[in-house]
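Here's the letter readout for the chains.
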Amino acid sequence: MIPEIGEFALIIALLLSVVLAVVPMYGATTANEMWMSYARPLAMGQFLFVIVSFICLGYAFAQDDFSVVYVAQHSNSQMPIQFKLSAIWGGHEGSLLLWALILCGWTFAVSRFSKALPLDMLARVLSVMGIIATGFISFLLITSSPFERYLPRFPADGADLNPLLQDFGLIVHPPMLYMGYVGFSVAFAFAIAALLSGRMDAAWARWSRPWTNVAWAFLGLGITLGSWWAYYELGWGGWWFWDPVENASLMPWLVGTALVHSLAVTEKRGVFKSWTLLLAIFAFSLSLLGTFLVRSGVLTSVHAFASDPERGFFILMLLAITMGGSLTLYAFKAPSVKSESSFSWLSREVLLLVNNVFLTVMAVTVLLGTLYPLLIDALGQGKISVGPPYFNAVFVPIMGTMAIAMGVSVAVRWRETSTETVLKTLWLPAVISLLMGLIFPFVYGSGFDMRVFLGISVSLWIISTVVSEFIGKFRNAQTLSSRLSQLSMSYYGMMLAHIGVAVTAIGITLVSTYSEERDMRMAKGDSVELAGYQFTFQGTQVVKGANYMADQATIEVTEDGQSVVTLHPEKRRYNVKRNMMTEADIDAGLFRDLYVALGEPLNEGEAWAVRVHYKPYVRWLWLGGILMALGGLLTAADKRYRKSSRKQESVHA
Amino acid sequence: MTPKRKKRLSIILGLVFGTALIVGLVMFSLSENINLFYSTSQIAQGEAPVGARIRAGGMVVDGSIKRSTDSLKVQFAITDYEHQVIVEFTGILPDLFREGQGIIAQGKMDAQGIFQADEVLAKHDENYMPPEIAESMKQKQESVK
Numbered sequence: 120m121i122p123e124i125g126e127f128a129l130i131i132a133l134l135l136s137v138v139l140a141v142v143p144m145y146g147a148t149t150a151n152e153m154w155m156s157y158a159r160p161l162a163m164g165q166f167l168f169v170i171v172s173f174i175c176l177g178y179a180f181a182q183d184d185f186s187v188v189y190v191a192q193h194s195n196s197q198m199p200i201q202f203k204l205s206a207i208w209g210g211h212e213g214s215l216l217l218w219a220l221i222l223c224g225w226t227f228a229v230s231r232f233s234k235a236l237p238l239d240m241l242a243r244v245l246s247v248m249g250i251i252a253t254g255f256i257s258f259l260l261i262t263s264s265p266f267e268r269y270l271p272r273f274p275a276d277g278a279d280l281n282p283l284l285q286d287f288g289l290i291v292h293p294p295m296l297y298m299g300y301v302g303f304s305v306a307f308a309f310a311i312a313a314l315l316s317g318r319m320d321a322a323w324a325r326w327s328r329p330w331t332n333v334a335w336a337f338l339g340l341g342i343t344l345g346s347w348w349a350y351y352e353l354g355w356g357g358w359w360f361w362d363p364v365e366n367a368s369l370m371p372w373l374v375g376t377a378l379v380h381s382l383a384v385t386e387k388r389g390v391f392k393s394w395t396l397l398l399a400i401f402a403f404s405l406s407l408l409g410t411f412l413v414r415s416g417v418l419t420s421v422h423a424f425a426s427d428p429e430r431g432f433f434i435l436m437l438l439a440i441t442m443g444g445s446l447t448l449y450a451f452k453a454p455s456v457k458s459e460s461s462f463s464w465l466s467r468e469v470l471l472l473v474n475n476v477f478l479t480v481m482a483v484t485v486l487l488g489t490l491y492p493l494l495i496d497a498l499g500q501g502k503i504s505v506g507p508p509y510f511n512a513v514f515v516p517i518m519g520t521m522a523i524a525m526g527v528s529v530a531v532r533w534r535e536t537s538t539e540t541v542l543k544t545l546w547l548p549a550v551i552s553l554l555m556g557l558i559f560p561f562v563y564g565s566g567f568d569m570r571v572f573l574g575i576s577v578s579l580w581i582i583s584t585v586v587s588e589f590i591g592k593f594r595n596a597q598t599l600s601s602r603l604s605q606l607s608m609s610y611y612g613m614m615l616a617h618i619g620v621a622v623t624a625i626g627i628t629l630v631s632t633y634s635e636e637r638d639m640r641m642a643k644g645d646s647v648e649l650a651g652y653q654f655t656f657q658g659t660q661v662v663k664g665a666n667y668m669a670d671q672a673t674i675e676v677t678e679d680g681q682s683v684v685t686l687h688p689e690k691r692r693y694n695v696k697r698n699m700m701t702e703a704d705i706d707a708g709l710f711r712d713l714y715v716a717l718g719e720p721l722n723e724g725e726a727w728a729v730r731v732h733y734k735p736y737v738r739w740l741w742l743g744g745i746l747m748a749l750g751g752l753l754t755a756a757d758k759r760y761r762k763s764s765r766k767q768e769s770v771h772a
Numbered sequence: 168m169t170p171k172r173k174k175r176l177s178i179i180l181g182l183v184f185g186t187a188l189i190v191g192l193v194m195f196s197l198s199e200n201i202n203l204f205y206s207t208s209q210i211a212q213g214e215a216p217v218g219a220r221i222r223a224g225g226m227v228v229d230g231s232i233k234r235s236t237d238s239l240k241v242q243f244a245i246t247d248y249e250h251q252v253i254v255e256f257t258g259i260l261p262d263l264f265r266e267g268q269g270i271i272a273q274g275k276m277d278a279q280g281i282f283q284a285d286e287v288l289a290k291h292d293e294n295y296m297p298p299e300i301a302e303s304m305k306q307k308q309e310s311v312k
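Chains A and R, in that order, give the protein sequences. 669 is the number that the numbering used here gives to position 550 of the first sequence; each next residue is one higher, with no gaps. 260 is the number that the numbering used here gives to position 93 of the second sequence; each next residue is one higher, with no gaps.
Hints in this document: simulated from the structure, not taken from any laboratory. Misleading hints may appear alongside valid ones.
With a cut-off of at most 30 Å between alpha-carbon atoms, the simulated DSS-like pairs for lysine-lysine come out as follows [claimed, not checked]:
#1 R:K233 with A:K643
#2 A:K592 with A:K663
#3 R:K174 with A:K457
#4 R:K240 with A:K643
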């Protein structure tokens, strides 16, 4: 009964979203206030019914209702309850339901927290989101309902969730990522509403900016969590594989980063408006493309679920309609957009434009590398894959050049800055970062290393320019506290995010240069030395988990005879499908991780294949990701977005 | 030229150079880093270049896995049910590597006709067959018919 209620609730949600897509939009075109005012309650109703549907699926999982196909395929009665619940989004159907839930959640949030928005604008924004919801919920209902039953005969127990996904990482990674993906639909809806109404002014950017920043922050967190999960769960210590699906999440993030910056220029200076609109369209289109790549199974990837051409086709159609429709609208309306002010060569506007160009180019190169194999295959030129070296070779130089521009951008002002001022603020950070970059490889490593020199210099350049700019703000201040409170939240957010970029860059540079790794055959009592640490294998014992048995090894780690830590990596065998899984054990630290994973038993368990890693500064990668996301959230919390529209107008008048 | 035109010209020149540079970088990296996929039949018939980095895929042949007793060296054969190719690899194999499983190996053919893999990929799904393998087997079946 409960699954049927879930399905029924989803059908009602679909009907509501169809009404939401049509009525307020029509009201906005005909200036009918009553019709427009339906937008808010419809958004709420749509959200409520999707919640009901989601809870029904959760209930089916919690109650081990294996008559539901989706539950039977992705759960098992032995699984701990937290994994039963996170298994809701462990497969295709449920993750789409999560997608729909988050979309309706964002729609509801916009209807709730946009008191400042004029009614017709709100009606249009919510209608556009209703159109998207219509597309996705009908996709769910037509091709991939999670509520289908095995009737009359259903399995006694479920087929179990892939052991890789029975992990804390899966509980948090997909919801965060989807919050970001789907969050860009808000920026998209604002862009379409602006194009429809012809009101593409600074006010539009001010409304859209906090939403975009929050979505961008979530997407960044989602990617960070995914990278961290892959690192500890896949058992070989990698943190980024340039896997097509990782790329699918990176592309909207890159374009979203460009959008966040471009929105700032549009809000403050009233320029780049049409470019900003275009970015908003592309950020969401790339999110859809990402969904298509993951769901259709067209690409070989660790993420690909069971592929189904019908589903892929449906998403491709959605993508085509979204992009085709919005770009056509853009082509008709965008030429009427006018810039409100001018600027000179050396100004923050130009540097932000540079940033945008770099980010877009990066997104395009990633897109090219991801789709190239598909293209070649479609042309019948053979099966190829594009390896990580391509991405590294293209991405790293562009990223490095952009980092230099990042440092300059904080030192220049809007409109115009004299060259002397810029040089005066920047020469000291430049000297410091170059010197430190030069010294670092000698102190930390064994000698000069070009990559470390460049990576560290560029990272320190970002940090030192931010710091010197921050200190410069106090030169004329009367008191410290008055100045501190004068600076806006979005300014702090920007600084935090930029420092985050530097922290991630330091992590990437050091972990990819100074990592040490050894695959060993180890019998009881064998030991190996790595980066000054002594790893001694003390044998294995059998341990029993909730739904698996494991061989658990004991590995003592010592440094100069002092005990550091004892690690217990496991080789698990899950009861249901007899799946093997490597569970690495990690001694995490701010400056280094010690990482141990078991391979397979050799000579009937007399020895084991053991993989030992030393990973310096690997935590900085994710720490930087968290800082960037915090920066984005801080910017969105700026108090100027919470003022009512009337106050804003009187200030500007 | 008026200052405005000068500014425009330099923007255009900058864009052209920048684009050319990036396109060059992309083309160069792509040409260096593309790995072609070969089926075991193609390899057995000598179609795969020796020494170039390629991908090979097939099902692991039952009873073909031979491990060295004192190192992590392992040798096995893969097949598309028509021709076999011997693969050598040193290191830890993925969790789902086993006999009868479809795998993809990356590496080079050596002069003895043995595939020297530096990476072995197996999917985390026991029913999974990499699309490349599935397709090359489908073609086999069709050509048999």
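Each hint, compared with the structure:
1. R:K233 with A:K643: holds (23 Å)
2. A:K592 with A:K663: The given pair, whose Cα atoms are some 60 Å apart, is violated under the 30 Å limit.
3. R:K174 with A:K457: holds (20 Å)
4. R:K240 with A:K643: At roughly 20 Å apart (the allowed maximum being 30 Å), A:K643 and R:K240 satisfy the hint.
When each numbered hint is compared with the structure, a violation occurs for hint 2 only.
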